Amino acid sequence: MPDESVFRQEFRVRGGDFAKAGAVACRIKELLKEIGFDARLIRRAAIASYEAEMNVIMYAQEARMDLQVSPEEVRITVDDRGPGIADVPLAMTEGFSTATPEMRELGFGAGMGLPNIKKNADIFSVESEVGRGTHLEIIIRSNGHRP
Amino acid sequence: MSEKYFHANHIIREKCVGCVHCLTACPTRAIRVRDGKARIIDELCIDCGECIRACPYDAVESYTTSFADLHVFDYKVAIPSTVIYGQFGSATLPNEILGALRQVGFDEVYDPSAICELNTAAIEEYLSEHLQPRPLISSTCPVVVRLIQRRYPSLCAQILPIEPPREIAAKILRTILPRTLNLPPEKIGIIHITPCSAKMVSINSPATMKRSYLDGAISVRDIYPKILDALRKSQEDALMRHLFPDALLSGIGMGWSLSGGEIRGLKKHRGVAVSGVRDTMRVLDQVEAGLLQDVDLLECTVCPDGCVGGPLEIENRFLAKSRILELVNAAGDRAVVDHKDVSRLYHKDFLSFDHPVTPAEKPPLDPDPARAIRKARRREKIFTRLPHKDCAACGAPDCRTLAEDIVRGVAEASDCPFVKKEKR
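Chains as they are written, first to last, in the working numbering: chain Z, 11 to 157; chain F, 274 to 697.
One or more hints might be untrue.
Said to hold, decoys possible - To give an idea of the interface, some chain F residues facing chain Z are shown, with a C-beta separation under 8 Å as derived from the structure:
1) P426
2) S427
3) A511
4) V556
5) Q559
6) E561
7) G563
8) L618
9) P629
10) P632
11) A633
12) P640
13) P642
14) A643
15) R650
Stated by the list, open to error - Restraint ranges, calculated between C-beta atoms of paired labels, are given here:
16) G309(F) - N153(Z): 46 to 56 Å
17) R312(F) - T110(Z): 44 to 54 Å
18) A666(F) - G26(Z): 54 to 64 Å
Hints were generated in silico from the structure; no laboratory data involved.
As the structure is a computational prediction, the values presented were derived from the model and not from experiment.
Glycine is no exception: its CB is placed at the ideal position from the N, C-alpha and C atoms.
Just need the whole structure built from these sequences, with the hints factored in.
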């Protein structure tokens, strides 16, 4: 992608910062509206980025979320410093969760995080190293037709 | 006045001093100060009335129906909001207030609590028949509907498609009164009495039907002195009325004007109530991110504590709320509507929207996505150079909005007093 045609923005998310939960997802949503994407794409990006942001807040120490927007696609990458995911395929199963009872009390940790991102993305990849952190890449195409 | 963007709230230029109170109070950043006067941007305004509350100079007014306008009708009907019951203290019973409205000049006055109960029953039936999507959002607050059209377009399909009580009451009367009175429909005026500055918007440019069944809305503020006068003149009658209470008030409908009043009557479904415009936006953001799917009905009212906190009421909302709660407690769970009748009306589609709510989004930075991206980049660059003090002295509510206005071509960096100073 030639640089001129891409909008980039970097966000920082701190682990445990529940008070700010959803702030980055909201900013991303606002930006996509200003660029004029279709409401369905914006909804998918809002859900995927919210889940990614919440994963950081719930489990990691901190993360950098990178947003790259071109007319063709929205790309969100997340690099966190945290515990990592031991069994990625298992974590991608609906309903699997390692959330604590306190997190569930708050309405989080229904085991829908990663599967929900996958459902809303056109391309989704997860790389993780236990004890170091997790890298997510979410791509939503402007011509994609998902739920 | 354009049909597409009718607004009730408007600025009285002679009174506006060009200060920044309304700028920063506006939740959709729809106000700018230009040439020393505040201006509302039509496409962004949702008629929430925050500017009315914020203005220290009473320079924001709201178009409502004036009592004098009613002379065109041969038969005048009032459908007040239940907020009216909270305006006159504990000694004044609802049926005295309804009686006073008759004395003021209405030929017929209808108690709103029964219709609110009817709505609750219809909503419950809709929720039982439609298990997806969740949450559904109540359409009662016209500002919430307009907020969703403008800021949360993807949630338009989640607005529960049943008309609010005021429209249903008017539709029922519009159907039966011409026949019983033997009058042409246009000679019958059906008027809502409300503390809300946005009802005129939903009457003049409805979001879910071609034409509203209401002919106008009189504010509680305007009609209050007339009611008070009528109450004073009929103190003797009031004593009699106390002895023979004739109005059958619905306990389920009575609390609708308080936040949580609408979901209170739900028996089989989970409701959540939110009030206040900023809290409503916070929760709608969460719904757009896929949360609250375990909630059946989301009741949002942009006024604090619900309609009882409307900008055009007289009594302070805490006292009004306390009085209405007394009435709610007195009426308990009393139901006055037969659910079988509601079900019949519901299945005749008598209660539903004529058409769904459609998005009315703010235009993107540019119609061409590639150019919009370039403008977004430029906006970020401009924003980093601004002082981030959000002082609003430039005429925009905050630095981020000024940066956006600059790339949209409606403001200049030199509008910022700090940028100007630097240049010198």
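Here is what the structure says about each hint:
1. P426: Since the shortest Cβ distance to chain Z is 4 Å, the answer is holds.
2. S427: holds, 4 Å
3. A511: violated, 51 Å
4. V556: violated, 11 Å
5. Q559: holds, 6 Å
6. E561: It holds, given that the least Cβ distance between E561(F) and chain Z is near 5 Å, below 8 Å.
7. G563: The hint holds - G563(F) has a Cβ within 8 Å of chain Z, the shortest such distance being about 4 Å.
8. L618: Violated, because the Cβ-Cβ distance from L618(F) to chain Z comes to roughly 33 Å (cut-off 8 Å).
9. P629: Since chain Z brings no Cβ nearer than about 14 Å to P629(F), farther than 8 Å, the hint is violated.
10. P632: holds, 6 Å
11. A633: violated, 12 Å
12. P640: holds, 7 Å
13. P642: holds, 4 Å
14. A643: holds, 5 Å
15. R650: OK, holds: R650(F) within 8 Å of chain Z, min 6 Å.
16. G309(F) - N153(Z): 46 to 56 Å: Hint holds: Cβ distance 48 Å, inside 46 to 56 Å.
17. R312(F) - T110(Z): 44 to 54 Å: Given range 44 to 54 Å: holds, Cβ gap about 51 Å.
18. A666(F) - G26(Z): 54 to 64 Å: violated, 38 Å
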